[in-house]
Amino acid sequence: MVWVSAVTDVLCTFSGKYGDILWSLPTAKYIADVTGGPVDFGIMRPWLSICPLIETQPYIDKCFPVPGWFPEHERFGAQPWESPRMSPPYPVTYNLTYRKMPDAPLIDFIAYESNARLGNQQLSLPFLNAEDTAEHPTVTWGFGQHGWSQKMRFRDDVAAAVEPVIHNVKWVRVDKLPWYNAAREISRAHAFLGCKSALHVVAHGVGTPVFLVETADWRLDEVFSYPYADEPCLSVEDTAKRIIELVAL
Numbered sequence: 020m021v022w023v024s025a026v027t028d029v030l031c032t033f034s035g036k037y038g039d040i041l042w043s044l045p046t047a048k049y050i051a052d053v054t055g056g057p058v059d060f061g062i063m064r065p066w067l068s069i070c071p072l073i074e075t076q077p078y079i080d081k082c083f084p085v086p087g088w089f090p091e092h093e094r095f096g097a098q099p100w101e102s103p104r105m106s107p108p109y110p111v112t113y114n115l116t117y118r119k120m121p122d123a124p125l126i127d128f129i130a131y132e133s134n135a136r137l138g139n140q141q142l143s144l145p146f147l148n149a150e151d152t153a154e155h156p157t158v159t160w161g162f163g164q165h166g167w168s169q170k171m172r173f174r175d176d177v178a179a180a181v182e183p184v185i186h187n188v189k190w191v192r193v194d195k196l197p198w199y200n201a202a203r204e205i206s207r208a209h210a211f212l213g214c215k216s217a218l219h220v221v222a223h224g225v226g227t228p229v230f231l232v233e234t235a236d237w238r239l240d241e242v243f244s245y246p247y248a249d250e251p252c253l254s255v256e257d258t259a260k261r262i263i264e265l266v267a268l
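When we follow this note's numbering, the leftmost residue of the sequence shown carries the number 20, and every step to the right adds one.
These are computed hints drawn from the structure, not numbers from a lab.
Glycine included, C-beta positions come from ideal geometry on N, C-alpha and C.
Please note that the accuracy of each hint is not assured.
[What the hints assert, rightly or not] Pairs of lysine-lysine residues, derived as DSBU-like cross-links and limited to a Cα-Cα distance of at most 35 Å, are as follows:
| hint | residue 1 | residue 2 |
| --- | --- | --- |
| 1 | Lys119 | Lys36 |
| 2 | Lys260 | Lys195 |
| 3 | Lys119 | Lys81 |
| 4 | Lys36 | Lys260 |
| 5 | Lys260 | Lys81 |
| 6 | Lys195 | Lys119 |
| 7 | Lys36 | Lys195 |
| 8 | Lys81 | Lys36 |
| 9 | Lys195 | Lys81 |
| 10 | Lys260 | Lys189 |
[Claimed, not checked] Okay, the calculated beta carbon distance ranges per label pair:
| hint | residue 1 | residue 2 | range |
| --- | --- | --- | --- |
| 11 | Leu253 | Pro107 | 46 to 56 Å |
| 12 | Gly87 | Glu241 | 34 to 44 Å |
| 13 | Pro110 | Pro77 | 38 to 48 Å |
Use the sequences and the hints to build the structure in full.
Here is the structure:
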């Protein structure tokens with residue numbers, strides 16, 4: 020048993036990893052809305068670095084690593100799914116970790132298949148808040164390690180096609196930034212160019228248009244999609260054209 024000083028009456032938990040944690044936030048937001056939130060949010064310690072981003076959300080009071088909760092293996096989310104019991108206990112705890120193979124986009128699957136079954140959930144989007152004012156045209160980008168060279172060639176080719184038309188575009192790399200800083204830069208940008216990593220969830224979370232370059236075919240599965248906005252995987256020419264249209268608005 021671990022001791023945590025609870026301010027709110029409701030705790031949401033998710034065992035990890037980064038992308039899945041982010042996909043669970045719309046459900047936590049819904050729970051906060053229907054229970055008079057904000058709620059607390061507990062995760063496993065290996066993903067502690069995302070807490071500052073989560074804690075800035077108005078529907079979250081406190082985000083913290085649950086003491087003693089560490090991943091033993093990963094299948095349908097890091098396990099054990101259940102966090103250690105805390106004392107004093109929260110009056111209400113919703114464990115949002117999914118426990119079977121997803122058969123729908125994770126944002127919906129977590130909402131409807133978790134044990135947070137609070138009727139017909141109407142997810143409120145976007146679900147992340149960060150600064151949203153840019154001084155000049157900006158495209159943020161960030162990639163996972165799989166197919167890095169191929170993705171970088173794509174990014175360079177898109178930039179080469181955009182820059183003769185829009186001369187002062189700033190290309191900001193975000194995959195090395197702390198989570199809140201990355202979210203702030205993505206929120207301020209006209210577009211995000213990346214693969215289906217946790218950063219693409221951040222981009223959807225703040226409502227920034229997403230353009231995909233994905234070298235892992237399995238990542239194109241519906242499970243990893245975002246059904247509430249377009250996320251095209253286009254050619255270099257078409258990606259550049261769409262980015263130019265966005266910047267010109």
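Agreement of Lys81 and Lys36 with the hint, judged by alpha carbon distance not exceeding 35 Å: Roughly 18 Å separates the two Cα atoms, so the pair holds.
Satisfaction of the hinted span 38 to 48 Å by the C-beta atoms belonging to Pro110 and Pro77: Given about 21 Å between the Cβ atoms, the range is violated.
Pairwise hint evaluation, Lys36 against Lys119, where the allowed Cα distance is 35 Å at most: 15 Å, holds
Holds or violated: Lys36 to Lys195, with C-alpha atoms at most 35 Å apart: Holds, at roughly 17 Å.
Hint consistency between Lys119 and Lys81 [alpha-carbon to alpha-carbon, up to 35 Å]: Given pair Lys119, Lys81 holds - Cα atoms ~28 Å apart, limit 35 Å.
Pair hint outcome, Lys260 versus Lys81 [Cα-Cα no greater than 35 Å]: This hinted pair is violated, its Cα atoms lying about 42 Å apart.
Satisfaction of hint between Lys189 and Lys260, Cα-Cα up to 35 Å: Status holds; Cα separation ~16 Å.
35 Å Cα cutoff - pair Lys260, Lys195: Distance ~27 Å between Lys260 and Lys195 Cα, so the pair holds.
Distance restraint between Lys195 and Lys81, which requires alpha-carbon spacing of 35 Å or less: 25 Å, holds
Agreement of Lys195 and Lys119 with the hint, judged by alpha carbon distance not exceeding 35 Å: 32 Å, holds
Pairwise beta carbon distance, Leu253 to Pro107, judged against the given window 46 to 56 Å: 53 Å, holds
CB-CB spacing for Glu241 and Gly87 relative to the 34 to 44 Å hint: Hint holds: Cβ distance 35 Å, inside 34 to 44 Å.
When each numbered hint is compared with the structure, violations occur for hints 5 and 13.
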